[in-house]
Amino acid sequence: MSMAEYKGKVKNIQDTPFGYTLSVIGGKWKMVIIYLLAENQPVRFNELKRQIGAITYKTLSSQLKELEADGLVKRK
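Numbering follows the UniProt record's numbering, in which position 43 of the sequence shown is assigned residue number 43; successive positions increment by one, without gaps.
Check each hint, because a few of them may be wrong.
[Unchecked claim] Okay, derived cross-link-like pairs now, DSS-like style, lysine-lysine, Cα gap no bigger than 30 Å in a straight line:
1. K30 - K58
2. K49 - K76
3. K74 - K58
4. K30 - K65
5. K76 - K28
6. K49 - K74
7. K49 - K30
8. K28 - K58
[Said to hold, decoys possible] What follows is a set of in silico ranges between Cβ atoms, one per label pair, in the way DEER data are often shown:
9. F18 - N46: 31 to 39 Å
10. N46 - K74: 16 to 24 Å
11. I13 - G71: 19 to 27 Å
12. A38 - N12: 24 to 32 Å
13. Q14 - E68: 20 to 28 Å
14. D70 - V43: 13 to 21 Å
15. R44 - D70: 20 to 28 Å
16. A54 - D15: 18 to 26 Å
17. S23 - I52: 19 to 27 Å
Simulated from the structure, these hints should not be mistaken for laboratory data.
Built from N, CA and C at the ideal position, the CB exists for glycine as well.
Please put together the full structure from these sequences, using the hints given.
Encoded structure:
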């Protein structure tokens, strides 16, 4: 399939692999969380909170749950 044919079939960016990737890692904190977990595995919740600093406990918890649901992080 040529790029012109592909562009004609895709109506929304969300329907592309790129759009899916953005939806999974998008947001203010997800890339920061992924980076810190990759550099310092395993990390306890409070240690992760201290390393990030400006994030609230509620936001960190929800972002981690989303990343876990998407299969990017594993809880131990």
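I want to verify a distance hint. Is the separation of the beta carbons of S23 and I52 within 19 to 27 Å? holds, 21 Å
Per the hint of 24 to 32 Å, is the separation of the Cβ atoms of A38 and N12 within bounds? holds, 30 Å
So if I understand the rule, the pair passes when the alpha-carbon distance is 30 Å or less; does K49 with K74 pass? holds, 17 Å
Given pair status - K58, K28, alpha carbons within 30 Å: With a Cα-Cα distance of about 14 Å, the restraint between K28 and K58 holds, given a limit of 30 Å.
Straight-line alpha-carbon gap K30 to K65, limit 30 Å: OK: K30 and K65 at ~11 Å, within 30 Å.
So does D70 sit 13 to 21 Å from V43, Cβ to Cβ? holds, 18 Å
CB-CB spacing for N46 and F18 relative to the 31 to 39 Å hint: holds, 35 Å
Restraint check for K49 with K76, where alpha carbons must lie at most 30 Å apart: Satisfied, since the Cα-Cα distance of roughly 17 Å is no more than 30 Å.
Does K58 lie within 30 Å of K30 when you go C-alpha to C-alpha? Holds. K30 to K58 sits at ~14 Å (cutoff 30 Å).
Regarding Q14 and E68, is the given constraint of 20 to 28 Å on their beta-carbon distance met? holds, 22 Å
Just to be careful, I want the Cα atoms of K49 and K30 compared with a cutoff of 30 Å; is the pair within it? Holds, because 13 Å separates the two Cα atoms, which is no more than 30 Å.
Check the following: the C-beta atoms of R44 and D70 are separated by a distance inside 20 to 28 Å. holds, 21 Å
Taken one by one, the earlier hints fail for this structure only at number 16.
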